[in-house]
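Colleague: Now for the letters of each chain:
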Amino acid sequence: MGRAARPGDGRWMRLLPFILVAPGLALVLLLFLYPLLRLVAESFLDPVPGFDNYVAVVTDPTLWQIIETTLMIAAQCTVATLLLAYPVSYLLSVQPRPRANRLMMFVLLPFWTSLLVRMYAWMVLLGRHGVINEAMIDMGLTSRPYPLLYNRFAVVVGMSHFLLPFMVLSLYSTMLGIDRSLIEAASSMGSSFRQTFLRVYLPLSLPGVYAGCLLVFILAMGFYITPALLGSPQETTISVYIQQQIQLLNWGEGTAMAVILVAIVVGLFIVYDRLLGFDRLFRDVGTR
Amino acid sequence: MAKWITEMALVAAVGVAALMAATPAKAQDQVVYINSSGGVLDDINRKIHWDPFTAATGIKVVASAPVDDAKLKAMVTSGNVEWDVTEIDDGDFLRAADAGLLAKLDLSKLPTDDLPKTAVNDYGVWDGPYSTILTWNTNVFPLSGKHPTSLMDLWNQKDFPGPRCLWKDAYDNLELGVLHAGVPRDKVYPIDQDAAYKELDKLKPDVGVWWTTGAQSVQAIVNRDCVMGTAWNGRPYQLIVKDKAPLGVAWDDAILRASWWSIPKGAKHYDSAMKLIAWMQDPHRQAAQATLSGYAGGNKGTAALLPENVQQYLATAPAHLATTVVSDDTWWGTNGLAAEKRFTGWVIAK
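Line by line, the protein sequences are chains A and B.
Numbers 0 to 287, taken from numbering that gives the first Met the number 0, label the letters of the first sequence in order.
Numbers 0 to 349, taken from numbering that gives the first Met the number 0, label the letters of the second sequence in order.
Derived by calculation from the structure, the hints in this document are not laboratory data.
Be careful, since some hints might not be right.
Here are the computed lysine to aspartate or glutamate pairs in the EDC-like style, where the Cα-Cα straight-line distance is at most 20 Å [to be verified]:
#1 B:K349 with A:E67
#2 B:K70 with A:D45
#3 B:K145 with B:D158
#4 B:K70 with A:E41
#5 B:K72 with A:D45
Given the structure is predicted, the values throughout are model-derived calculations rather than measurements.
Just chain B, with the same shape it has in the complex:
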């Protein structure tokens, strides 16, 4: 019996020793975990940014999806942070920073001179600006004939009859509402929500689909569940370029936002994360990314490297910016929660 116990103890000791040896040492910083939207955009990022990064630095990039603020909060509050870099949307970005979920970036590692002032701060760098634009089915309204030219045509049932698709979210819809009420583009914020809902009430009976994912926004129009609707600019671009989908786009009264790259507080590979974020600011790589996705990063030098047919699909093309509302993150950061609640109450009402 005693022999048996000794043997078991020996086996246990060897097992513990083996486990300890297998635990990676702290210095081993050769991997970075990045979390983003996923899907096609992940494939493009992998090809343009991440695989070349691994080739140049030896740091492996492990990707996950989707963007999930609740998961971020759960990770940071429980102290088990799996991500080293995460994408995060505009208004959510400020809320997350305020809630203490994000680590301060080491700005000395970033090419801050090449980035617009609005594209970088202590807690994040633009992943990329994008606009909510109007897209429509060209089999219904051919490009050769009379077709929608502005997001305000959502209200124009006389010329463009048929159901509309809108994002089921307070974002965009509130801005569109006040724009239709006649508020000038540079006076949209602070949003007069009562005025917005007065216009949205008129639009609501015509909404055939309240979409919840980017893929759904364009799919519903290709399927003709709706004849026109809002979409993020890269979605129709990818379908038009890749599949020659029957989609047209209109940029007047578009709404520009950005998503951000941030580092969660307590990230395990901070240095690798900073290196990867800096790597993704390169204008040549951002140009290659834009050609595939319709989304460019924030670098000021990127646009000059792009052919005109790609430039015209970018949210930051000067021609588009002239007719675009730039989202006020501060307004959304402060009022977002209450605005979303009011929107849900409005949208579910019969």
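Excised from the complex, chain A in its bound form:
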């Protein structure tokens, strides 16, 4: 019957996309949407029906402080990954393809190491008597160990380590599509390196920047293990706080917080769309 979907058979061609996405769609509905709806229901029903959970949660000053911290950490990680990923992606995009693919392996390497193992590796490196501090003391650069672990710095380092590949991939795919003759044209017409970058290359790479920043920011909002292991209590993120409520069998308030987190993320999407437009994420720069 698959042979029926040859060019010209309009009915099959129209149905084919739906048939192809059906298994995936069913999976998403079953495994994502249904639990999400259950979670929303729980936030209104546990332990008694009503808005009590939302009143309790919204008037909890601790929650708002934690949300502020979570947003701040996500923003810091986004900036850090962008600054680190931009030159790397540029370098990758100008390499011959086989070499770029080989180098890409190094970018993707963190994906193949367990998150927990990477966190413990950072603990070994950043500890008060860890590799970095001992080396600095031995070289006479400092007499007292720097506080590198169990603070904001360690959390941003650990999270950026995880998030970097997402930013690199976003930027790389956009930069690959940039027509290099435009840069040559700018140079040949007397534009300086700085001008070429700021007025030609950077604007053309912006869709990748926007996509990468959105992806990284939203992923960073949900981090749990890294802030718990590498941070101090001041780096308590909303996921950690929700988990605490769930463990204390305080499900009503825990789920209400989760709904608020989802609302914040959706809100950010909307603001982002208004400011930048989602179509820019998918614009194919190279063909314009």
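For chain A, the structure is supplied; the task is to place chain B on it using the hints.
Modeller: Okay, now just chain B, sitting in the frame of chain A:
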């Protein structure tokens, strides 16, 4: 076409029949699922209690970890209970019983006469008592010299300078706070939280690590991220005995709690679960367990079977009990949720 449909129907019928035959019959009670802390303690339980239990009864013991009250609630409320026995911590234990998550035990199956009154009730039996004690790095404060002797030394920066490690939880810290405020050990409950936080405020700037797992508590001290901190007594014991880790321990003003063995409501193998819980009350096996882990069960006969060098590491050694605060589960069961919230607010504040 008709033939094809008949064939398919036949295949389907055979398939359904095979599935039904493969579904285990209700009477087949030859397995018990137990959920506990995991890690080293699971290995020890397996060796001392579970494998011999299987050898004696033919009932297979399948273990899982970690202790997870949220999972317990999810299982019981959804009616799909995977565990037959689960470990559960003190204050959480009462909350879970109140929430109707635990089944009543058949106390006639247990050696209740050999257990302390506090160690058994309708919904659980002590897995084992444990204390929160002080542990410190002996490379920093050698045993031969001046070293910490009490949990109150957490506040003593003059003699023992350096960062501290504390559990990121209201448990223990509130008790330590009121003890440092001068409240006698037998008057700690009900906890005057305002007084506790006044003392904890003084300690907070010195806390280098707020630990969240038992392994982290001792690791941070071995790594010298902190010079001293709180830990559950089995953790330093296991490192000292097994790895000769540079750790010292102090028991004055320790806080004693217990974890419990309970049966979730709706457990599928209740009878096997009762048998296994009863099996784990044997004093000889509990003694062997204590030698390996530093944690003994509740049986009153266990201590007498242990050499002195092991006894001195047990939370229930008489010498330690004399200077220990025994946790009031009822206070924590009632006030735990609000206390944890207040603690989180306090600990994240800058």
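Colleague: For a C-alpha distance cap of 20 Å, please report whether K72 of chain B and D45 of chain A respect it.
Modeller: OK: K72 of chain B and D45 of chain A at ~12 Å, within 20 Å.
Colleague: Between K349 of chain B and E67 of chain A, does the CA-CA distance stay at or below 20 Å?
Modeller: 13 Å, holds
Colleague: Between K70 of chain B and D45 of chain A, is the straight-line Cα distance small enough, at 20 Å or below?
Modeller: 16 Å, holds
Colleague: Within a Cα-Cα threshold of 20 Å, do K145 of chain B and D158 of chain B meet the stated pairing?
Modeller: Between K145 of chain B and D158 of chain B the Cα gap is close to 8 Å, so the pair holds against 20 Å.
Colleague: K70 of chain B and E41 of chain A were given as a pair; does the straight-line alpha-carbon distance stay at or below 20 Å?
Modeller: 15 Å, holds
Consistency note: the structure conflicts with none of the earlier hints.
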